[in-house]
Amino acid sequence: DVKVTQSSRYLVKRTGEKVFLECVQDMDHENMFWYRQDPGLGLRLIYFSYDVKMKEKGDIPEGYSVSREKKERFSLILESASTNQTSMYLCASSLNADTQYFGPGTRLTVL
Amino acid sequence: AQSVTQLDSHVSVSEGTPVLLRCNYSSSYSPSLFWYVQHPNKGLQLLLKYTSAATLVKGINGFEAEFKKSETSFHLTKPSAHMSDAAEYFCVVSNDYKLSFGAGTTVTVRA
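Taken in sequence, the protein lines are chains W and V. Residues in the first sequence are numbered from 27 upward in steps of one, following this note's numbering. Residues in the second sequence are numbered from 8 upward in steps of one, following this note's numbering.
Watch out, some of these pointers could steer you wrong.
To be verified - SDA-like, lysine to any residue: derived pairs with alpha carbons at most 20 Å apart:
hint: 1; chain 1: W; residue 1: Lys29; chain 2: V; residue 2: Leu53
hint: 2; chain 1: V; residue 1: Lys49; chain 2: W; residue 2: Pro65
hint: 3; chain 1: V; residue 1: Lys105; chain 2: W; residue 2: Glu56
hint: 4; chain 1: V; residue 1: Lys49; chain 2: W; residue 2: Lys79
hint: 5; chain 1: W; residue 1: Lys29; chain 2: V; residue 2: Ser80
hint: 6; chain 1: V; residue 1: Lys49; chain 2: W; residue 2: Lys83
hint: 7; chain 1: V; residue 1: Lys49; chain 2: W; residue 2: Lys44
hint: 8; chain 1: V; residue 1: Lys56; chain 2: W; residue 2: Asn122
hint: 9; chain 1: V; residue 1: Lys49; chain 2: W; residue 2: Glu56
hint: 10; chain 1: W; residue 1: Lys83; chain 2: V; residue 2: Gln52
hint: 11; chain 1: V; residue 1: Lys65; chain 2: W; residue 2: Thr125
hint: 12; chain 1: V; residue 1: Lys105; chain 2: W; residue 2: Leu37
hint: 13; chain 1: V; residue 1: Lys65; chain 2: V; residue 2: Ser80
hint: 14; chain 1: W; residue 1: Lys29; chain 2: V; residue 2: Thr79
hint: 15; chain 1: V; residue 1: Lys105; chain 2: W; residue 2: Arg35
hint: 16; chain 1: W; residue 1: Lys29; chain 2: V; residue 2: Ala8
hint: 17; chain 1: W; residue 1: Lys79; chain 2: W; residue 2: Arg35
hint: 18; chain 1: V; residue 1: Lys65; chain 2: V; residue 2: Thr79
hint: 19; chain 1: V; residue 1: Lys49; chain 2: W; residue 2: Thr112
hint: 20; chain 1: W; residue 1: Lys79; chain 2: V; residue 2: Ala8
hint: 21; chain 1: W; residue 1: Lys79; chain 2: V; residue 2: Tyr104
hint: 22; chain 1: V; residue 1: Lys49; chain 2: W; residue 2: Asn122
hint: 23; chain 1: V; residue 1: Lys105; chain 2: W; residue 2: Thr112
hint: 24; chain 1: V; residue 1: Lys105; chain 2: W; residue 2: Ser101
hint: 25; chain 1: V; residue 1: Lys56; chain 2: W; residue 2: Thr125
hint: 26; chain 1: W; residue 1: Lys83; chain 2: V; residue 2: Ser80
hint: 27; chain 1: W; residue 1: Lys29; chain 2: W; residue 2: Val78
hint: 28; chain 1: W; residue 1: Lys79; chain 2: W; residue 2: Pro65
hint: 29; chain 1: V; residue 1: Lys49; chain 2: W; residue 2: Asp77
hint: 30; chain 1: V; residue 1: Lys49; chain 2: W; residue 2: Val78
What the hints assert, rightly or not - Just a few of them, taken from the derived set where beta-carbon distance is under 10 Å, the chain V residues facing chain W:
hint: 31; residue: Arg29
hint: 32; residue: Ser34
hint: 33; residue: Ser37
hint: 34; residue: Ser39
hint: 35; residue: Phe41
hint: 36; residue: Gln52
hint: 37; residue: Leu53
Think of the hints as simulated: they come from the structure by calculation, not from any bench. Backbone N, C-alpha and C fix where the C-beta goes; we use that ideal spot for every residue, glycine too.
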């Protein structure tokens, strides 16, 4: 079974802090993704990566950056957290342009 | 461009009765279509996927979905609801790497 893990289930940060969300997958997948999930909006793609050190902007990249130094790890960075970034963040990975496998999510609250 | 519309934000059924979750999609290409389920405080789990093979797709936990190109629909059904089916369900369309999510349908199951 594919396993996607995220470093924290719950996180509380203050406005202006730098925040790192980590995601690790154990199936040697090429592609990794970061989404945010908000009620009534479904999931929206922030960034994705199709290879080490490669990244592509998704639909809502503003205020976020990413890092992929190793194939199994994909980090989402909030350079200066704001209250409108309070959300559930979901990481996913896929082998090809097909089924994505999701982690359990990190619920981030920015005060 | 691609998009997904889930026609019901909330569905309530009695245990043992059928469940119908409606989904319409738009896509410029022949899409792949998915249904994911999310139980409270959990990540997303793949229920089933359509990738241009049989139009009736069977998934896990007794769910199935029918792809109807003429109606651009991919409705999810289950003949008999169980209490454990209470969750949020997402219809998803995929072209290449990019997934587009519907807003989600919350299913409540009454005893």
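To see whether the hints hold, each was checked on the structure:
no. : hint                  : in the structure
1   : W:Lys29 <-> V:Leu53   : holds, 13 Å
2   : V:Lys49 <-> W:Pro65   : holds, 15 Å
3   : V:Lys105 <-> W:Glu56  : holds, 14 Å
4   : V:Lys49 <-> W:Lys79   : violated, 29 Å
5   : W:Lys29 <-> V:Ser80   : violated, 31 Å
6   : V:Lys49 <-> W:Lys83   : violated, 26 Å
7   : V:Lys49 <-> W:Lys44   : violated, 26 Å
8   : V:Lys56 <-> W:Asn122  : holds, 15 Å
9   : V:Lys49 <-> W:Glu56   : violated, 24 Å
10  : W:Lys83 <-> V:Gln52   : violated, 24 Å
11  : V:Lys65 <-> W:Thr125  : holds, 16 Å
12  : V:Lys105 <-> W:Leu37  : violated, 28 Å
13  : V:Lys65 <-> V:Ser80   : holds, 16 Å
14  : W:Lys29 <-> V:Thr79   : violated, 33 Å
15  : V:Lys105 <-> W:Arg35  : violated, 25 Å
16  : W:Lys29 <-> V:Ala8    : violated, 31 Å
17  : W:Lys79 <-> W:Arg35   : violated, 26 Å
18  : V:Lys65 <-> V:Thr79   : holds, 19 Å
19  : V:Lys49 <-> W:Thr112  : holds, 18 Å
20  : W:Lys79 <-> V:Ala8    : violated, 27 Å
21  : W:Lys79 <-> V:Tyr104  : holds, 17 Å
22  : V:Lys49 <-> W:Asn122  : violated, 24 Å
23  : V:Lys105 <-> W:Thr112 : violated, 24 Å
24  : V:Lys105 <-> W:Ser101 : holds, 19 Å
25  : V:Lys56 <-> W:Thr125  : holds, 8 Å
26  : W:Lys83 <-> V:Ser80   : violated, 29 Å
27  : W:Lys29 <-> W:Val78   : holds, 19 Å
28  : W:Lys79 <-> W:Pro65   : violated, 32 Å
29  : V:Lys49 <-> W:Asp77   : violated, 27 Å
30  : V:Lys49 <-> W:Val78   : violated, 28 Å
31  : Arg29                 : violated, 15 Å
32  : Ser34                 : violated, 14 Å
33  : Ser37                 : violated, 13 Å
34  : Ser39                 : holds, 7 Å
35  : Phe41                 : holds, 7 Å
36  : Gln52                 : holds, 8 Å
37  : Leu53                 : holds, 6 Å
When each numbered hint is compared with the structure, violations occur for hints 4, 5, 6, 7, 9, 10, 12, 14, 15, 16, 17, 20, 22, 23, 26, 28, 29, 30, 31, 32 and 33.
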